[in-house]
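Respectively, the protein sequence lines represent chains A and Z. Each residue of the first sequence is one higher than the last, beginning at 7 in our numbering. Each residue of the second sequence is one higher than the last, beginning at 7 in our numbering.
No incorrect hints appear here.
One copy or two, either will do: identical chains are not told apart, so a pair holds if it fits within one copy or between any two.
Each computed EDC-like pair below joins lysine to aspartate or glutamate, with the alpha-carbon atoms no more than 20 Å apart:
1. K203 - D151
2. K203 - D172
3. K54 - D151
4. K54 - D178
5. K164 - D31
In short, the hints are calculated from the structure, not lab data.
Protein chains: 2
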Amino acid sequence: MKISVVKNILEANDRIAQENRAIFDQKGLTVFNLMSSPGAGKTSLLEKTIDALKDQVKLGVIEGDIQSSQDAERIAQKGIPVVQINTGGACHLDGNMIRDTFKEFNFDDLDLLVVENVGNLVCPAEFKVGEDFKAMILSVTEGEDKPTKYPLMFHESKVLIINKIDLLPYLDVSLETIKKEALKVNPHLTIFEVSCKTGQGLDAWYDWLKEQVKTGRPA
Amino acid sequence: MKISVVKNILEANDRIAQENRAIFDQKGLTVFNLMSSPGAGKTSLLEKTIDALKDQVKLGVIEGDIQSSQDAERIAQKGIPVVQINTGGACHLDGNMIRDTFKEFNFDDLDLLVVENVGNLVCPAEFKVGEDFKAMILSVTEGEDKPTKYPLMFHESKVLIINKIDLLPYLDVSLETIKKEALKVNPHLTIFEVSCKTGQGLDAWYDWLKEQVKTGRPA
Numbered sequence: 007m008k009i010s011v012v013k014n015i016l017e018a019n020d021r022i023a024q025e026n027r028a029i030f031d032q033k034g035l036t037v038f039n040l041m042s043s044p045g046a047g048k049t050s051l052l053e054k055t056i057d058a059l060k061d062q063v064k065l066g067v068i069e070g071d072i073q074s075s076q077d078a079e080r081i082a083q084k085g086i087p088v089v090q091i092n093t094g095g096a097c098h099l100d101g102n103m104i105r106d107t108f109k110e111f112n113f114d115d116l117d118l119l120v121v122e123n124v125g126n127l128v129c130p131a132e133f134k135v136g137e138d139f140k141a142m143i144l145s146v147t148e149g150e151d152k153p154t155k156y157p158l159m160f161h162e163s164k165v166l167i168i169n170k171i172d173l174l175p176y177l178d179v180s181l182e183t184i185k186k187e188a189l190k191v192n193p194h195l196t197i198f199e200v201s202c203k204t205g206q207g208l209d210a211w212y213d214w215l216k217e218q219v220k221t222g223r224p225a
Numbered sequence: 007m008k009i010s011v012v013k014n015i016l017e018a019n020d021r022i023a024q025e026n027r028a029i030f031d032q033k034g035l036t037v038f039n040l041m042s043s044p045g046a047g048k049t050s051l052l053e054k055t056i057d058a059l060k061d062q063v064k065l066g067v068i069e070g071d072i073q074s075s076q077d078a079e080r081i082a083q084k085g086i087p088v089v090q091i092n093t094g095g096a097c098h099l100d101g102n103m104i105r106d107t108f109k110e111f112n113f114d115d116l117d118l119l120v121v122e123n124v125g126n127l128v129c130p131a132e133f134k135v136g137e138d139f140k141a142m143i144l145s146v147t148e149g150e151d152k153p154t155k156y157p158l159m160f161h162e163s164k165v166l167i168i169n170k171i172d173l174l175p176y177l178d179v180s181l182e183t184i185k186k187e188a189l190k191v192n193p194h195l196t197i198f199e200v201s202c203k204t205g206q207g208l209d210a211w212y213d214w215l216k217e218q219v220k221t222g223r224p225a
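Bound-form chain A, shown alone (with noise of 0.2 Å):
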């Protein structure tokens, strides 16, 4: 009964995402939904992401944390719109808490929205929000064995940023061992191997993220 009840609250919000996903379609804007444990870097890559794109693309955020707005404050700083959800406790974002949002926005005047989740490596993985696709980050940190240990984000991201590679030196990680790993679970990652604190490696995510954004707004 247990399993069911799980079961009805998925197929729910994947209808709910469906229907956003309809929405962000019909504006012509394209959105990604970025997922990590907590403290791998979302904000961080996010700051940097707006940085290096805010001439070229029009950037929208929504922040996603169980309580506070510290995120949402960074992100506000760098003058784009950004609307912070706080789940109260709940330990991901759904496609209703997304709904909620879109009165806050004119999606008119955006070229690209992101998802910034609740930290945790599980539970948003299993709930879609009206995404084109979704991406995770994984701090060289944590190790080499996560992508075995929660497979379900690797398999259900379009792509791996793996930050914190200024720390390679002082870690018993092997770069070649985590993207190894990460395609066993997933061969069709698009992998990109950065530092957000030094800047190494972020050109070509700019890049990659720039192709993915639609061009053509319906008129």
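Since the structure of chain A is provided, determine the placement of chain Z on it from the hints.
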């Protein structure tokens, strides 16, 4: 309705956790529930702790993972009883899962049972398993804002082990700020600052943990 389902699940779990606890108490067994984000160092801390204490304290371990048995294999190499729980997707351990392992242990031959939870800074804090106390690890690489953003786990834990302090010279993170923020959420936290890699700070943790082990088993 969704909320009442969650409430019913939590209440049912609390009852089972209480029953587990009664069994642990009857056997004079000390139990703690070890929680953290993925890759913060739960298994590494356990390996070090087993090496340090196994001649003085009879230890057993329950390993919780979504899938895979890598951690249980690491612990088994230490020659102590270990049981793997694979949650099959679930983001935390609960009382029933712990109950299901009892047949695998001889509790009369144990002093201390450690439950290593699924790597997740959110959900495990909501589910009691019958433990005497909860302990959490935070890696300094996760940043200073985690107590504010994930308060429940800090609130529910008796002990905070701050790990990977050997990396502090390479991070823009202050140990003092982490401690200050954690104590704002829970002023009763006992805090240890350690590096499982270098061994720094671990002796204080071992001494404290030995003091927690129940003395005087029932006849």
